[in-house]
Each structure stands twice: as C-alpha cells, then as structure tokens.
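Asks: Dock chain B against chain A, hints included.
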Amino acid sequence: MESNKKYWKGLEEYNNTPDFVKNNKNEFAEPIPIEDVLNEAGLSTVTPRRDFLKALGFGLGAVTLAACQSTPLKKSIPYLVKPEEVTPGIPNYYTSSFNGQSILVKTREGRPIKIEPNPNAGVFNCGTDARAQASVLDLYDVSKLKSPVLKSKEATWSEVDTFVKSELAKAQVSGKKIRLVSSTVNSPSTNAVIAEFIAKYPAAKLVQYDAVSYTGIIQANQNSFGKAVLPKYNFDKADLIVSFSADFLGTWISGEEFTAQYTANRNYKSLENKKMSRHIQIESGMSLTGTNADTRVPVKLSEQGPALIALYNAITGQALPGGTLPNNATADKVIKLVAKELLQAKGKSIVVCGSNDVSTQILVNAINAAIGSYGTTIDLDNPCYLYAGNDAEFNGLVAEMSRGEVGAVLFLNSNPAYDYIDSKKFTDALNKVPAKISFADRSDETASICDAIAIDHNYLESWGDANAYEGYYSIVQPTINPVFNSRQAEESLLVWADAPVKDYYQFVRNNWETKMLPALGLKWNDVLEKGAVTVAAKTAVAYSFSLSLAAVATSIVNSSKGLAKDVELQVYENIPMRDGKNANNAFLQELPDPVSKVTWDNYVAIAPKYAEKLKIKEFDVVTVKGNNGYSIDLPVLIQPGQAQGTASIALGYGRTKVGKAGNDVGKNAFPFVSFVNGTMQYATSVTITPTGATYELAQTQTHHSFEGRNVIREASFKEYLKNPAAGTGKSEEGHKNYDLWDKYEQPGNSWVMAIDLNACTGCGSCIVACNVENNIPVVGRDEVRRRREMHWIRIDRYYSYETPTGDVTREKEIAKLEDLDNVSVVHQPMLCQHCDHAPCETVCPVLATVHSSDGLNHMAYNRCVGTRYCANNCPYKVRRFNWFNYWNDSRFDNYLNNEFTQLVLNPDVTTRSRGVMEKCSMCIQRIQAGKLKAKIEKRPLKDGDIKMACQEACSANAIIFGDANDPNSEVSKALRSERIYYVLEEINVKPGIGYMTKIRNTDTTVQA
Amino acid sequence: MSGHNESILREPLITGDNITYAKITDDILGPVENKPNKAWWIGFIFASLGALLWVVAVSYTFWNGIGAWGLNKTVGWAWDITGFVWWVGIGHAGTLISAVLLLFRQNWRNSINRSAEAMTIFAVICAATYVVSHMGRPWLAYWVLPLPNQFGSLWVNFNSPLVWDMFAISTYFSVSLLFWYTGLLPDIATIRDRAVGTRRKIYSIFSFGWSGSVKTWQRFEAVSLILAGISTPLVLSVHTIVSMDFATSVIPGWHTTIFPPYFVAGAIFSGFAMVLTLLLVARKVLGLENYITMFHIESMNKIIILTGSIVGVAYLTEFFIAWYSGSEYEQYAFINRSTGPYWWAYWMMMTCNVISPQLLWFKKIRLSIRATWILSIVVNIGMWFERFVIIVTSLHRDYIPSSWAMFSPTWVDVSVFVGSIGLFFTLFLLFLRVLPSIAIAEVKLLLKSASEQAKMKQIKEGHENKEYVTEYVESLEKFDSVKQEEYAKI
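Protein sequences, first through last, are from chains A and B. Numbering-wise (UniProt numbering), the first sequence opens with residue 1 and increments by one. Numbering-wise (UniProt numbering), the second sequence opens with residue 1 and increments by one.
Derived from the structure by calculation, the hints contain no laboratory data. Worth double-checking, as some hints may not be accurate.
Claimed, not checked - Chain B regions said to be covered by chain A (calculated; three or more residues, Cβ under 8 Å):
hint : segment
1    : 60 to 70
2    : 151 to 161
3    : 389 to 402
To be verified - Facing chain A, from chain B, some residues (calculated, C-beta under 7 Å):
hint : residue
4    : Thr74
5    : Gly136
6    : Arg137
7    : Val144
Remember, predicted model here, so these are calculated numbers, not experimental data. Glycine residues also receive a C-beta, built at the ideal position from the N, C-alpha and C atoms.
Next comes chain A alone, as it looks inside the complex (with noise of 0.2 Å):
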C-alpha cells in the first residue's frame, strides 16, 4: 500500500517560506565556498591538527581495509555430488595385481598413492617388491606421452586407428607377416584379445620376448621332462638349499615368493621349532642371495659347469668328463660336501641354478631328479608363468624384419632398441619394417623409431587379469581414471581387429564370466574383492631323469672353455633397476643395491684383490670391452666375495629415452649379452683396462665392516640348538643401570618392534614402501654422495671375514687378510629406535622432539629451527635433515617438482620444509588411523590392526610391530625370544626396537 504521507525536513518546508522556496532550487541550501577552498589562500591555510587526525585516521583506515585482503586462494575443487564410495580423508582399498602378484591399492579422493600386499594373495602371500612399491609413481611419470603419436606428432585415436588398420590390412594383403613383439603374456583376457587379433589379421603371431630370459630352463625341461614350463619352485619345503649363481630372493623368477618360503624355515618362529634350512650358494658376483648364504662358496663363472658336472659325478656316482676345478681347490671341496649334505637331505633339498643355459639346466634337471626334488621341492604339475620369452623365436623375428619379411610390428611392454642384445642390428632391421606400432606410454628408445605410439594406460588405470601359476589367477583393476589421452593396449588390439566387443572392461568381465567363474562357482565382484582366485593345485608327481648328458656335459664343457680368458664378464639385473623398464622412477634409482649400496649408477664390481693385481683402485673408470667389441667405461667397485678373475655389472641402466630421473644414469650393458647355443647368455669374456679417470658413486654406505661392535650379534645354529640366547651376551653378568631421569607410564599401548636379523634378506622393499607411505624425498646423486639421502629406514650391511682364527671385523686387520673370498654378510635393518631415553630429546632446545606417552619418539617439524643437535647426538645415526627444500627445489628435479606428480604424495604426512630434521616417525598416521577406525567401531585395538609401511611390504615378516603392554601381542611374544638383544643397549638410551640375532647355518654334519 502506497502511502500518501509527507515528512518535512522543517517548518520552513511546512510554511514553504519565499527564502525556502529560493534555497530549495539549490543542489546544497547553502553555497559552498569551493572558490574560497581552492583559491591561493584557502590551499595555502594550515591544516588544523583536527583535520589532520581525521586524515590521518581515514588513510589509516583505508589502507587497513584495503590490507585486509584474504590470504591467496589455492584451487580445489570440491565435490558437487560426492561419489559414494569416497570420504574426503578416509582411504579406499582396491584389488589389482602387479607382475602377476594380486596387491592392494591404497587410494585417497581417487589417487592410487600406495601398493599394499593382498592378504588373500594366494601363493603371493608375502610382501611386495621395491617395483611394486616404488610402481605408484610411474602413474604420476611426467616423462609419459600425453596423447597418442602417429609419425611423431600428437595425433587423435581415430587418427592412429585409421593408420594402424589400413597399415595392418596393407601387410596382411600383401602376405608379410605381423608381429606382436611382448614381453611375457600370461594375462588370459590378453590372451583372448591376441587370438582375436590374430583370427581378424592371420598373419598375425605373438612374439614372447624378456628382456632377461629364462629360455633355458623352460627347454632344458621339455628337453628332460617333455614340459616346456617354468616349474613352481618351494623353498619352503627345502632343508637344504644349493644355489648356483640363482639369486632366488631377488630378482629370480619370483624373489618375493620364495623369499617368504625361505625365511619361513629360517626365522624366529622356525628356530624356536628348532628348525633351520641350510643354504649354500655358489656364485661369482655377491648376489643379495648369496649375502644370506649360511656357506658362500666364490667360483668363476667358467668353472660353474665344471662344478655342477663335479657335484652330479659325486652325487650319483657317474663320471661325467669335465668335471673337475683345477684351479679352486676351495670349490672342488666344499662341491664333494654338497653332494654328501644333498644327499642326506634327500626329497628335502633343491638344487637352482641361474644360468639360462639349456644344457646347464638339463644337469641341474638331473641332479635334482637325483636327489628327488621333484614331486617336493620342485613342481612341474603346477608349473609358473611369469616367464615365457623364447630367445630363438625373437632372435628369429629379426631376422626376419631384416630380410623384409615383416610388414607390421607391435610392441607391447618390450623395448627391444634398449634391451636386445644388439640394439643397431635390432634398429636396422625394424626400420626395415613398414609398419611399426608401440604400446609404450612414452617415447621410449623403440617407439621413438615407431610410426605410431597408442599409448598404453599405467596398470593402475587399467582392467586386466594374470595367471602366474597354474590355477592362480589375479585381477587387475584400474584405481583411477585414464590420466592422460591413453588407451589401453588391449583396447587398442580390439579395435583394429574390429572386435565385437570393444570395451576392454566387458571383455575382461565376459572373459571371466564365461570361462572361469562358472567352475568356480564365483561371481564377478567377489574376484574383484578378493583380488585373486585360487584353483586346487594338481598334485605335484615325481619325475624322474633318465637322459645320456654326455651332450650335455661336452657343450657345457665347450661352453666354459669359451669364457676362460681375459676377465670373465656377468651381467645381472640388480634389485632396483632389474631390467630397466622402471629405470624413470626415482624411488628405485635412489633405492641403493642391496648389496653394493650404491644408487644411481651401474658399476663394475671386482673383488679387492683382483683389483689389486689389475692395479685398479675403487671408483678407478675403465674400459670394459666385451667379444663383440662393444666397450663402455665404468667406475670400478670393490666387491668383498666376487670371485677371483672376474668381474660383474648389472642391466638395466644406460637408458636414453625414458624421462628426465633415468635417462643417462650409468651404462647398457645388455649388448654384452651374447646369443649362444639358442639362448642369451648373461656370461662373456671382457677386457678391462682402466682409463686414468676416476668417478665416485653414490653409496648410502662407505664403512663396510662393523669393527668388532655389538651392534651386530650372531651364533652359529649349532650354538643356538645348545643356548638359545647364544651370542646376544645376555647370559655375560648382568650390569645394573642407574637412570637420571624419572620413568614415566605408558598406561594406554606401548609401541615397538622386533627386527628378525635371521629373517630380514637386505631386499629393501620397506625403504621404497617408508619413502612412498611418508613422502620421503629423493634428493639425487650429488646429494647421496655427500651422504645426504633421506631414508628414514636403511638396511645397513656388513662384510666379515671368515678366517681359521675366528671372524675378522675390524677394518684394519681385513687390511691385513691375505684370503678375501671368505665373506659373510650381514643385513641389519636401522630406523628410529624410539628409546625411551632419547638422547635427541634432551638436546633439542625447542622442544621440538618429544617422548609421547605410548612410547614414541616424536618429531614437530613446525617447531624444528634446524640446530641438528639431535642427529648429532643420535647414536644410530637414524635423523635426516632437510638441508635444502628437496621436494620443491628445482635444483632436486628428480620427479617431485611438479603439480601432476606431487599427486603421489601421502595426503596424511606433511612434506618437509628445508632446515627441518625428519626421522622414522612409526608411521604414526597409520597409528591413528587404526585408533580411530577402532574407536568407531567401539572396539578396544586389536593386535594387528596396525601394520608399518615397512612391515607390511617386507615378504620375509622380519618386521614386528605392536604393542609391548599387551603381553599376547605377537611383537611381545617375539620380543620375548632368547635371541633378541637392543643394539647399543650398553648406554642405556633403552631403544624400543629389539633386533634377533644373526644365526648361520654353518656347522653342518659334514665338515667343510
């Protein structure tokens, strides 16, 4: 409603007075004396003290206001409608499976940022590899392609389709043949893709190709056996172990596995069963294997078939020709001892052998017929199929592009250019190929020479399936939609075969439900839940060896005579870098060798007095000059137990188009790899001269022997059997402690662990699964060699020296030591130690590491101002230091300084600022996280329900961690044990973590 009624400002209004009516045709009743302002004088009047202050406190104000602009804004984006399954904060868990091993993905707001081991895993029930760790981070790989390449320019999918098809009917019209160049293929749903690749193109084969091989196992058994496979390999059945140069806890075949069946025999829970395998290991190079090894015996690789020759003679008794050891009357002895061990153990021991040599293994076939593996230790009815690469058939396949008779190519995870043993013979001939298409996710040294890249999803963007063993088959699930404009690989194949089905994810799924989930009685989502499913296992049968070797013991015999000259050559995947596929992701490259400790670069390891007699000092550059005349120069590394006469150097470096972490970190060395009697072979003779040059490498670890000090105790099993806490020093008088500082309760838990010494192999798997769980920067190869890298848990190894007067420790006498080859080693796992009386605690003048309650040591980056008094006064020698800004510093552009890769980064752990000390913090999100998913539950904290990153990912369980006030914890029971012993207890810093000692299986029944 309008209203009708009238205010007036006065009674002048009401009135409407003549003055009024005047003044109201004005804008302002009264003029403004505007002119008297801004003439001369009214400018030039002093400004009263009044006027000024108002002045003042508008401006004032004004600015303030004009100040009070909010903080800058970070972008993020929240959720419009909130998936259902993500909680912001709350961890989703996925099935998938890596290298055939069904895992768990961690993931958070939908980013995978962690690999977890599947609890229902199956056979791979164990921990995971320092790949499987470190493999999140190839998701976030900004060396990747962003979209597919057709003739090296970004092109789109229907593009490269188009291309592919008309190149693809192209050779097939013209009756070329089609290649699918992959390395080992034992995913069925891939599987039936190839087959309808092949029904569209009929001219189509695949072409299995590994870059490290096992070729001669595989036909040494079709050979002995009429089985073309690679059996299923149970240590856990073995009480005894022989090894030939098989570095079976490593990187062969299945290092994971078996070194969770190894240590099954072997750690606290066996020993306290009084039960202990017995493992011996013949070798050139120091394998992680052999520095488990309870006898290491060094041999030359030229006398590894004359020693498996000496132990068959002595094992059944024949007489083989060739097969004595003239020159290493060491190995000749301790072989005839073998034989009589194996012997005793017979049904119970395995005899492995990492040659790929087919002959080599058809031997090894007989022996372990001998001594009755199969059927036990070795299973040929359940056989695995993790490897299946034939080197006949790839070496075949070049040829074939060389005389032209390939008209298209496809690889599919193999890059042939880096890893074929003659790259410019490989290069020659597929550019000879008209057709060539890679699956790679990066211009990688073959794709870079492809017409077309379709690029492949990571695995952790893709859906997928493998079957590692015979009745085991995993799934694999994508944790995170395509990153980039991929595809994936089998998509791709279904496409160009103009598929029915073309969507990978149907195809999977109809793979599975019309071919495995009936029998199985199994619905689709549950394999998706469990991860892997397990078909009852065939019944393992005996097999017996009834073959003549006297073929086989003249080519073994020929084949040794050939690699006895000049420095006999092995060259070997190493733990981190293994075949350098990996070789972009920092966390392996910065994960030091096991046994070397070195990171970033490849070497050429030679024992120290070998070196001595070539006259070659350690980081001394030579030139190693192979057969072929291929030659590279390394850096010289002094290697406790190489044999005599030779020298090794590990694969999987010298990459040049893999992205900015891996290109030119150390030298190829797969072109030393020779192609012999149908298999590669990973012996040769070299030449080495030295260079004048010298360069460091980067080791985490320069002071190799433990001078005698307690920080490391070990008994003999023999020892144990008669007193279980032998050499922990418990059993000495006991000393009594007086403390300075009041002892506090620690009434809710208590947390600590239990190291397994006995158990722990040195794989390090925990340091990449501690860097990726707690944001740990890598910091490069200048930084490591000024001994700046950052882990927060290291494994440190030990050499000693096994002399008839007892073990030598000390520095200074090794240096006296005529006979090096003695070695026996020792992994010791060192992080935090939580002590109760922490000696950093005291000295940090901040308060800015403190004791909490339930007895962890705790570190408060935000009030760390960096006097490093602390890791000074740290007696392990545990604390880590930001010494500059590593995870945002360009100057450190490993992988991190990038908005796409810092996606990995654990959202639950803070990343570090420069002057800031950081240590082993006993992954305390995961603390909390498990109190706080039992507290709503309403649940009091079970056992178990916190794992550490290290423990979870360490296969050989050596790591224990729990509550010690809950006294049926299983790390109570294990700290319990008679073995276990504090290291540095002696100064009373009252750590928190109990290690077990060290026991060798030394003395056995036959005397060595």
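Replies: What follows is chain B alone, placed relative to chain A:
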C-alpha cells in the same frame, strides 16, 4: 709529590722519559684524533673485503639452505660450531684480563684491558653470528629464547645445553659490553673535552655526562669492582657451558667430564694468543711501545705456556681415560683421532697447542716480538683444529659403523669462517679509530708509581739498595722501549 714509592724490584709498566699525563693522553688519542695512516687503510680494506665475503657467504646460506655447507647425515656440525667455539674461546682473555686481574690487583692489565675487552665483544659477536647462521631455519632463531608466545605457550627445553648456551653467551656478551663501556666513560669524556663541533656533541652523549668529580670517580671505581665481581664467574661459566654442548651428549669423544676445565684453559690460551696477535701490531703501528711493554708481552707469554700446558695435560688425560674406561667406543674415538682419516688435524692440534708453545720456555723466544707474534698465530690455528678435532672426528665415526662418513667443506664453509675473521678485524680497526685503545685513565694511575721515570727518580734519589738497583737495571735489558744508555751512566 711522592706519595709512596713502588718497590724498585718491580719492572716498570710504563717506559720512556718525559711522560706526562698530557703526553699519555696525546699518545693514546693519536689514532682517534688524527686521520688514519696508510697501514690502517690497508688493514681496513682487507678486513672489510673479508667482512663482505662473510655477508656474501652467509646470505648465500640463508637463501639456499644449510645444504650449501659440506655437512651430512653423520656430521651435523663442522666448521660452523668449530668457528663458534673458537670465537667464544678467543673472547675469554678479555674478561680474564679485565675482571680477574683487576680483582688480583695486577696493575699491568691497565695497558691491555681495553683492547682485550673490545676483542672479547667482537669475538662474541662473531660467535653469535654462527649461532644464528648454523640453524636450518634462522628466521626462527628467537624460538630458543623463553619468550611469552602464542604457540600454546610453548616453552624452551631447559634440559638442552643449547638453551644454557644461549643464556651463557647472551649474559657474557651483555656483562662484557657493560664492563667495557663503563671503563670507557672517563676516556670518552677525555675525548669530548678535547674535541670540537659535532664530534664533541657525539662524544658528549656517549660520555653520559662524566664530570670528573671525586664522587664520579668513586662511583666509577665501585662499579668497576662490582662488575669485575660479576664477570669473574663468567670467565669460568661461559666456556664451561659451551663445553657442555658436547659433554652432555652421548657421543664418544664428546661425553667427557674433563671438558669444562679443559675448555676454559683452552679459551684463555687462545684468548691471550689473540690479544698478542692484535697488540703486537697495534703497539708498533700506533706507537704505543711505552705503554704496552716487553713486560706485558712476556707476562702474556707466561700465561700462554701455563694454559697451553694445561690443555696438553687435558689431551693426554682424555687418552688415558679412554683406555682406562674400557669402553670400546671411547677407545676407538681416540685411536681414530690420532690415527684415523683425520690424523693430520689431530697432529696439527698437538703440534700447535702443546709442542710449539713450549718454545716459550726460552727467554729469548719469549722476548722476541716476531717469534711471539708467529707463535700467537700458531696457537690460534691449533685451537681451531682442537675444536675441529673434537667436533668432526668424534662425529664422523661414532657408534654405528654403517653411518661413518667423511666431511669436506665447501667454499661457503670456508668463506663464512674467513669472512668472520674479516668481520672481526673490521670491527677492531673501527674501534681503534673511534675509541682509545688503551685505558687512558687507568694508565695514568700508574705514571707516578710504576713508570720507568718514577723508578729512575727513585734511583736518583739514592735511597735504594744498590743490589736491587742493579737487578732492576738488568731487568730493563729486555725492553725495546727503554734507552739503555741512560742506565749505563748509573
């Protein structure tokens, strides 16, 4: 005018004839009131270039992080704390001379205390810069102070020796500064009285209205004595607490109860050496031979032999105790010091600190200005190495052999240290230009009783025992500032 005569047996503390109060003032204020000479300019240019290097190196460290230094996961302190302890040690002589010798009525201190105290202040400034710059996040250095705060009222850790250290150094610095400045008041007033214009205004402010009345002097004397009383425990406490930075740790080679006395002796040792290094040059360049005489130099040399020998005994005791303790880590730490990778540093320390100062037993060397000057520098090199040996060789091989590492300095480490020397000399040279380098008032006290001319007068009066006179004359032979021919006549 002869109130009382000092024994003729005492050597004179001021030499030269025709020394009057006015001459003393003129002589000492020469450098303050006149334009600097060439020698000063050369010294100042070099020193300020050094100071500039310090600014560059410290800025570089602040900008990039402590990673610019050569430290690593095992050796968390090296040149930084070596430099810190070295400078704090050098600062010690000043307090000892000004406070302890005052309480013991050692009048010879009157000629050297001013410079020694100035040296203390500047050395402690150099040390303090290390305290801040060695921190990972130096912008938060104030967190080591127990200030009221809003971090949930987070307090400092009173268990930490670094907190004790912060208290010790700041107390030491403030007391030293106060003592020094109080002593300067009459001298600043002297400059004021002789100056004109702006200079007069400035010095007038800084003289705090000194009137020279009897009451002022009386209070001045009282305050000096009180401050001397307060300072005396500091002589012992500061380096004791600095040594606790190491002694309270668990690191073999650090965890030692001998550290407090050993560090104090070492500090006095290096402090006197630095006083000698400075004054031997200043005396010549500024023409102060009559006030800083051979007697002073010899006295300081004697203190150097004494403290050097104490340090030597401490080194040997450490070895004995390491053996006697039966602790393998302790034993290894010491064997490693003398025969390990850093053996050269250890033997450098032993040679410079224990062996070469023993040369001062020879009177000829003790009285040779050149030899004394060289030895004083050698001592300070040795004392730097002592701290390097204690810090680096203890840390680089401690308990767990896997972490053993070597330390090698970067250019930044070297520049921060060399630069701090530049900073020190810059400050000292500026001091020489603006303030009297010798305590004028205190030296004047000695003129009537302990000067050569007063003694000459005594001899001439003829009441002195002839034997004593002969002995006195003989003692004068070492003085380079005494005209020996005068005495030949007697």
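Asks: Now, for every hint given, state plainly whether the structure supports it.
Replies: Hints, one by one, checked against the model:
Counting residues of the segment 60 to 70 of chain B whose CB lies closer than 8 Å to any CB of chain A gives 5, so the stated coverage by that chain holds, three being the minimum. Counting residues of the segment 151 to 161 of chain B whose beta-carbon sits less than 8 Å from any beta-carbon of chain A gives 8, enough to reach three: the coverage restraint holds. Check on the segment 389 to 402 of chain B: 7 of its residues sit with their Cβ under 8 Å from a Cβ of chain A, so the three-residue criterion for coverage holds. For Thr74 of chain B, the suggested interface contact is upheld, since its CB lies about 6 Å from the closest CB of chain A, less than 7 Å.
Interface hint status for Gly136 of chain B: upheld, as the beta-carbon distance to the closest one in chain A is roughly 2 Å, under 7 Å. The beta carbon of Arg137 of chain B comes within 4 Å of a beta carbon in chain A, closer than 7 Å, and the hint placing it at the interface holds. For the restraint placing Val144 of chain B at the interface with chain A, the shortest Cβ-Cβ distance is roughly 5 Å, inside the 7 Å limit, so the hint holds.
Comparing the model with each earlier hint shows no violations; every hint is respected.
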